[in-house]
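4 protein chains.
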Amino acid sequence: MTTYKNQLLPNEKVFRDPVHNYIHVQHQVILDLIDSKEFQRLRRIKQLGTSSFTFHGAEHSRFSHSLGVYEITRRICDLFQRNYSIDKIGLGGWDDQERLITLCAALLHDVGHGPYSHTFEHIFQTNHEALTVQIICSPNTEIYQILNKVAVGFPEKVASVIQKTYPNQQVIQMISSQIDADRMDYLLRDAYFTGTEYGTFDLTRILRVIRPYDGGIAFGMNGMHAVEDYIVGRYQMYMQVYFHPTSRGMEVILEHLLQRARECYQNNPEIFLRNSPLLVPFLEGNFTIDDYLRLDDGVLNTYFILWQDEADVLLNDLAYRFLNRKPLKSCRFEENNQTALLQHMQHLVETVGYNPNYYTAVHSSFDLPYDFYRPESNKHRTQIELQEKDGSLVELSKVSQLVKALAGEGQGDHRFYFPKEMVDLSLQDNYDLFGETYKHFASHIHNGALIN
Amino acid sequence: MTTYKNQLLPNEKVFRDPVHNYIHVQHQVILDLIDSKEFQRLRRIKQLGTSSFTFHGAEHSRFSHSLGVYEITRRICDLFQRNYSIDKIGLGGWDDQERLITLCAALLHDVGHGPYSHTFEHIFQTNHEALTVQIICSPNTEIYQILNKVAVGFPEKVASVIQKTYPNQQVIQMISSQIDADRMDYLLRDAYFTGTEYGTFDLTRILRVIRPYDGGIAFGMNGMHAVEDYIVGRYQMYMQVYFHPTSRGMEVILEHLLQRARECYQNNPEIFLRNSPLLVPFLEGNFTIDDYLRLDDGVLNTYFILWQDEADVLLNDLAYRFLNRKPLKSCRFEENNQTALLQHMQHLVETVGYNPNYYTAVHSSFDLPYDFYRPESNKHRTQIELQEKDGSLVELSKVSQLVKALAGEGQGDHRFYFPKEMVDLSLQDNYDLFGETYKHFASHIHNGALIN
Amino acid sequence: MTTYKNQLLPNEKVFRDPVHNYIHVQHQVILDLIDSKEFQRLRRIKQLGTSSFTFHGAEHSRFSHSLGVYEITRRICDLFQRNYSIDKIGLGGWDDQERLITLCAALLHDVGHGPYSHTFEHIFQTNHEALTVQIICSPNTEIYQILNKVAVGFPEKVASVIQKTYPNQQVIQMISSQIDADRMDYLLRDAYFTGTEYGTFDLTRILRVIRPYDGGIAFGMNGMHAVEDYIVGRYQMYMQVYFHPTSRGMEVILEHLLQRARECYQNNPEIFLRNSPLLVPFLEGNFTIDDYLRLDDGVLNTYFILWQDEADVLLNDLAYRFLNRKPLKSCRFEENNQTALLQHMQHLVETVGYNPNYYTAVHSSFDLPYDFYRPESNKHRTQIELQEKDGSLVELSKVSQLVKALAGEGQGDHRFYFPKEMVDLSLQDNYDLFGETYKHFASHIHNGALIN
Amino acid sequence: MTTYKNQLLPNEKVFRDPVHNYIHVQHQVILDLIDSKEFQRLRRIKQLGTSSFTFHGAEHSRFSHSLGVYEITRRICDLFQRNYSIDKIGLGGWDDQERLITLCAALLHDVGHGPYSHTFEHIFQTNHEALTVQIICSPNTEIYQILNKVAVGFPEKVASVIQKTYPNQQVIQMISSQIDADRMDYLLRDAYFTGTEYGTFDLTRILRVIRPYDGGIAFGMNGMHAVEDYIVGRYQMYMQVYFHPTSRGMEVILEHLLQRARECYQNNPEIFLRNSPLLVPFLEGNFTIDDYLRLDDGVLNTYFILWQDEADVLLNDLAYRFLNRKPLKSCRFEENNQTALLQHMQHLVETVGYNPNYYTAVHSSFDLPYDFYRPESNKHRTQIELQEKDGSLVELSKVSQLVKALAGEGQGDHRFYFPKEMVDLSLQDNYDLFGETYKHFASHIHNGALIN
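So the protein sequences, as listed, match chains A, B, C and D. Residues 1 to 452 in full-length UniProt numbering are what the first sequence lists, from first letter to last. Residues 1 to 452 in full-length UniProt numbering are what the second sequence lists, from first letter to last. Residues 1 to 452 in full-length UniProt numbering are what the third sequence lists, from first letter to last. Residues 1 to 452 in full-length UniProt numbering are what the fourth sequence lists, from first letter to last.
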């Protein structure tokens, strides 16, 4: 008898996808998970948050990214089973019994994301990884019920892949390592929807050289340049898309807006009880999974629309700025040497009438494009291994000068944010009063950087 | 002195766009319009409404489409000015004094769209074209104020282009005709974001052959096949994307949901006053421009999330179905011959426990891919003219067999919608009671069509 | 023991291909065929002959097209084996024992092509289909020897697929029907290398709906629009690329050049014995397979370079015009009504000093984009069948208005070719003598067509 | 009166191009140059020589590359004229009087290339740069005559741009520097036709940030990452396409074949006088421009076809191997440490019956992806300059860690080439005699490298 676990759809179901052409679904379990309400909710959460304010095409959802991660994982499983199955190559080979758990983990790895995740988490102390695990393991979610039909304990196993405690390293690394299905999908997808070409790398070629070994996932040495190109593509996407100063300028606005809402709630909860009920549990700091699953980008935006009419000037101005894309401007600064100057600049902003707590910020964005294993580090990374013809492994940065140049060093910048009005003459209504202040402020910014 | 009308940006500003690579903004007026709150609101309204339930990539907004229409129009103006300016070719040539009004009309032509436009308009008797004109001409919108700075009366002129009463036919046809910047952008954009290839046609080639003449816009005869290809691309997009049965199955749900909300409001307005305040003016049938401009997709979805907890079974079930993508199923039927059978089918649906007013529907989607001028028709269309070397004009379907095959005939189908449960055994909990009814129902559907 | 027939490569070998990304070779037999000298020769023969004079990117070879046809066929075999194997669906299913013969026939179907095939065949009465069969079946070709190692009689079986006498219709139609791997590859490949977008259709979607049935190959009804789009793409490629007037103007030059060479050879064979030895057997009308296999585009061009120095004015002028791209100009004409006028026009060409046999031509290019079965026709075509859910078949033009518009009617035009000098003032050195003749000539051409 | 220099075509003429969509020709001079026989000859010379043996799509010609370089240059001139004309920004701005000379130099910069340039030059001591200058400056070429019609001395001026002695550095650097129109076109074009994605970089973005300054060409600082991406793309193309071991294995065959022909000619010139007349001047070491202009890839290949029938075993075997793609195999080695071992390996090859002078080779390929100015170097390179907002310049590797990692260091490898038979058991007919030699040979190759 066909168990639910093995139940294949009579006809494969496909989803048309601009990045992978088709997403192929073959298992009833996977289709049921996609149809669950917790997963459908991801349609209403943008993959890139405030980046769409800079790249207007980037309105794609976490739903489409999750399908993409699933699809890349499925293709890797197919390749592994065809070329490197444990039956064929023995120890270090792929055990296709792991397929379903791998696919489920790939599909669900982001299911705990909420609206504007990064900022929301920061203000409300939520954690999307912990929430992913909770959604998978809470008996009253549809996802739990589907997974539990596969086998008792199966939800927890899927969660353990995401938590990286599952015993099979191949399964874990396929979904979470420095070159995994998650990163491969988001680089390609974000490049497609932003309309940039930086993030494109040769997925077909990567898939030709990926292979299992007893310690996890490796890449054939003949694919070194393809892997190298992926690392460089990743670096370029961070530099040019993810860390774009304008998107971060919107993120700062959002952060200050949510922070202000929390402050207002403490003084005057009625407003929010009346017009932002779904946010109240978070303003209270006491929420359930069910509360969390009701949030999405549209809910927050709806509340921001309503807050524009509230009496609190900061709340309504920040809401207006967020909804209508009025980002803060910025300049680079050096982390250690310019602390005093930053305070001075904030002071100048205050002088012309802005509360610097809400209208200035320092914002640092750094990414480590690649790192090899460092025993002394407390955040271990699985290094990328290349496999020679004789089976021996070589760590990537040993053979790639390009990767070596990027390895181990955070790439990014520190920026100081302030109101556009500070440097845009046409917006300075009070120039006759504060002309000197404005000039002084501007004199400290040169070639886009803060100067002493 | 540079007037606002002629004020060019010191450096052209660009928006990265996946379809046109870059959107180039050169006028201060255009940048100000883009930054207006009425225009920014289009970021929160999906271009394709329920199509994203079928094509998950199609999450692009009316904001990006509007920029795209602007950009194509801008490129046409550049071409016209370079090759066919009135100074150069005289009568029938392009007068570049028309550029700014044309660009403004292109950018703003869809600014009156609201959330899920088609359905919303149907239920609440709004009209996005009339609203576009109102937004442009209402003295307290930011858009009006920007346009009025150009010249007194300028907002009304821009509106008249959209209303097709502006005297210069070239300006009108560039934005609204059977092959205009609007259609060209949406076909390419929707093809890109859905990930289909049907709608692609050769924009560069069309732009090489487009030209002004004294009656409007024509295309060089050597571009006949490019124009033909555009018509076929359009036909394919309608058949395969816009008329997709699943998207329409979701549209039916949405329509019934909003209709149910209106009914509930009449009996019990308190619910909506409490949890759907922004929708109340529409439920009341009495709304202002300002009310309208507060709506977007997220606002409606937020209310649907809340309605899932309301007592009315129809309201909460339909809201659940919409949010979690549970479309009605469908089959084709013939318009005139199957009326009795349709009633019978609805009756069978009712038998097993569904209210047919909410869980069945007939839905017809037809498009006229192309039509030539018909004096007898009351909805005139500007036919597509091809221009011979000697300047004479030939109507497109006279020289293209393909277009002739599509001209004048609506393409599409009539479908009958019903709950998936009617034909999916695994969902029929009450099969022991109604087994015969289900079988009877299924026996009337063959090869996807209703049969007697 | 592994026989040669079943011998798989230890590691699949791939060829990077711009159209299909990778060509995957799994059988030793296929790799050996690709490495044979008769197949390698296809690298030196352009796929599109004189089209590269119009579309300079179209320099791709028959080698790359042949690999592409092989690859599409391989993918279809994989799909058939996975979803419709005879073991699974019984009668009408795919028998994977046919795979190798199908792949060999796909790879070799064009191996008999020579340089500038169409023109060469016309002048020297060769036939590339007959030559394909001969190359496969001649015991001293490398190809024969490879195929004969598979099994005695195997070369003849492969040839019978190309000759359409092989018993299994699925095998034949995969390679030769109105929608086969051959056409699918050349449309996509020629579109890619010319840089046009007309020929693109959605191969992935076609491959999703293609299926075997007991009479050959059919397509699922849900893929109707994809098949329709392929027919339209094909029509567009013929109209815009294959029938381009300039390419045909070069073809006319080539044809007259080869014809002149044959005439010269009859009077004065020594020239050719000395400087064009590889062409002599064809000028003699008596050649072997081995002679044929020594020809390629470069050989003919080399001889044309040498002929530029020969005394015969026609031979050297035509060679110069061909090598240096001096096409004849042309205008459309109507087949039946303009015979007398054509003679008159030729007479005018003669008047100003050109031999009309070499410097004028009529050239007709017509294609039947699609046809259904016509018992009365002596050139039967396998019609395209769509398969309903219940297994019944419907002929394509019955359900597609677009295809119906193209079915059964040749598309193309008749053109009259003449020297550019006839209509280009700047080239008319003898205008004072023949000014009236030139004016008279020009007066009969209007909007690109011959007029009375 | 319109002079030839200023004569614009009544209608711009376009060439469809897969890489740049359209090549736009506006000047009569440019059209005439394209139509010249010396330029048309470039159609018959492959851009990438033996690379098409590895990447079968790479059959594109130097003709298409030359058009591409012209087109990029034309676009840069347009941008410079629109945004940075000398009239507008003064000193350091672009003088549009330089347009025609720049376009001519761009179009003609490769006109001196012959068949299989690199190898041919090496064997016959020709030099394509010197020949380019000669073709431009020789009074009896069509190109000279066209240029001289522009103005007396104009051909020499165009040549001086190519020789880098022209006074305007902007003109020179547009065509020849580390990031010029030449490199930009070939990277994109070669990536397109090989079907790889490595070489793609964002041309539109580079064109947005390129600008003139008084010392030549610079790039806006905000385009740093686009320039960086170009450098990395270039590096990847060299590593993966231009230096591909198989293409180099074919190049070695070609080099030995031409070398053998020269040796044979010295002993027995009659053969070549009879069957390779166009090559004789080069075998003699005494050729004219006219001799050179008669050569192309097809001419050489035609001679190779004939040489297959000659008595000299080396000549005919090497010709067979080249025509039928039988490359030598190879392994990496270390330049300084393995000289003795290389000799030993050659000896082993000789032992089993191959003349090591013709069947082995060492081949080193290195490229310097980028270098900054080094006063001590005798081959100066124009470093890439980025321009800050205040106009100051910063050298690229100062701000890009990636470029710094590649700067100043040659990237590539040394390879030892030998007959495939040495390591392929299935080809070793004399294994019983030389089994130990073969094993010994193979034992010195491990993971693709020579080991002691």
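Treat the hints as calculated values from the structure; they're not laboratory data. Just to be clear, a hint being listed does not mean it is correct.
Which chain A residues stay away from chain C? Per the calculated CB distances, all over 12 Å, these [claimed, not checked]:
| no. | residue |
| --- | --- |
| 1 | Y22 |
| 2 | A130 |
| 3 | S138 |
| 4 | F154 |
| 5 | R208 |
| 6 | I289 |
| 7 | D312 |
PhoX-like mimics (lysine-lysine), calculated; alpha carbons at most 25 Å apart, straight line [unchecked claim]:
| no. | chain 1 | residue 1 | chain 2 | residue 2 |
| --- | --- | --- | --- | --- |
| 8 | D | K88 | B | K13 |
| 9 | A | K329 | B | K37 |
| 10 | C | K420 | D | K5 |
| 11 | D | K329 | C | K13 |
| 12 | B | K37 | A | K420 |
| 13 | C | K389 | A | K13 |
Being a predicted model, the structure only gives us computed values, none of them experimental. Idealized CB from N, CA, C, for every residue including glycine.
Evaluation of the provided hints:
1. Its closest Cβ contact with chain C, about 7 Å, brings Y22 of chain A to no more than 12 Å, contrary to its assignment away from the interface.
2. In this structure A130 of chain A is separated from chain C by more than 12 Å, as the shortest Cβ-Cβ distance comes to about 39 Å.
3. Against chain C, the non-interface label of S138 of chain A holds: every CB pair exceeds 12 Å, the least being about 38 Å.
4. Here F154 of chain A stays apart from chain C, with its beta-carbon at least about 28 Å from theirs, past the 12 Å limit.
5. Taking the minimum C-beta to C-beta distance to chain C, about 7 Å, the non-interface status of R208 of chain A is violated against the 12 Å cut.
6. Every Cβ of chain C is farther than 12 Å from the Cβ of I289 of chain A; the closest lies at roughly 39 Å, confirming the non-interface assignment.
7. Even its closest Cβ contact with chain C, about 54 Å, leaves D312 of chain A beyond 12 Å, as expected for a residue assigned away from the interface.
8. Straight-line distance between C-alpha atoms of K88 of chain D and K13 of chain B comes to about 19 Å, which keeps the hinted pair within the 25 Å bound.
9. Using a Cα cut-off of 25 Å, the hinted pair K329 of chain A and K37 of chain B holds, with the two alpha carbons roughly 19 Å apart.
10. Distance restraint check for K420 of chain C and K5 of chain D: the Cα-Cα separation of roughly 24 Å lies within the 25 Å cut-off, and the hinted pair is therefore satisfied.
11. Of the pairs offered as hints, the one joining K329 of chain D and K13 of chain C holds, with about 16 Å between alpha carbons and a cut-off of 25 Å not exceeded.
12. Our distance criterion of 25 Å between C-alpha atoms is met by K37 of chain B and K420 of chain A, whose separation comes to about 17 Å.
13. Simply put, K389 of chain C and K13 of chain A have alpha-carbon atoms about 16 Å apart, close enough for the 25 Å limit, and the pair holds.
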